[in-house]
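The opening residue of the sequence shown carries number 40 in our numbering; numbering runs sequentially from there.
It is worth saying that the hints were derived from the structure and are not from the lab.
Incorrect hints may have been included.
Claimed, not checked - In the PhoX-like style, the derived pairs of lysine-lysine whose C-alpha atoms are separated by at most 25 Å in a straight line are:
1. K96 / K148
2. K65 / K150
3. K150 / K96
4. K65 / K96
5. K65 / K148
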Amino acid sequence: MPLVPYVVERSGRDPQVFDIYSRLLKDRIIFLQGEIDDYSANLVVAQMLFLQFDDPKADIHLYINSPGGSVTAGMGVFDTMRYITCDVATYCIGMAASMGATLLAAGTKGKRNALP
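Could you build the full structure based on these sequences and the hints that come with them?
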């Protein structure tokens, strides 16, 4: 079982503890890591839809490190990226192959990035 780091945010009287992915989601950052399957695609779709309804004008930042995977699962993410009104900035960290590369290229024009 992978270890998920936690962060403590001190705002107000009581500190709040978040897992790192929940904290990043507050800043509209989504991670897609590993093989794309139905489970990982559904998580990404749900997060995108949540962020769309939270603020339809703010960008979503999708970080991808994936060797690819299921075409049908990936197309669900692709279709969601096309459906929502938010711009989706995509970032390749590590590898984006096969369906991962397709999702990287599906980002908003001018907001597609690959880290060196």
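(request) Find the hints from earlier in the document that the structure breaks and name them by number, from lowest to highest. (result) The structure conflicts with no hint, since it agrees with every one listed earlier.
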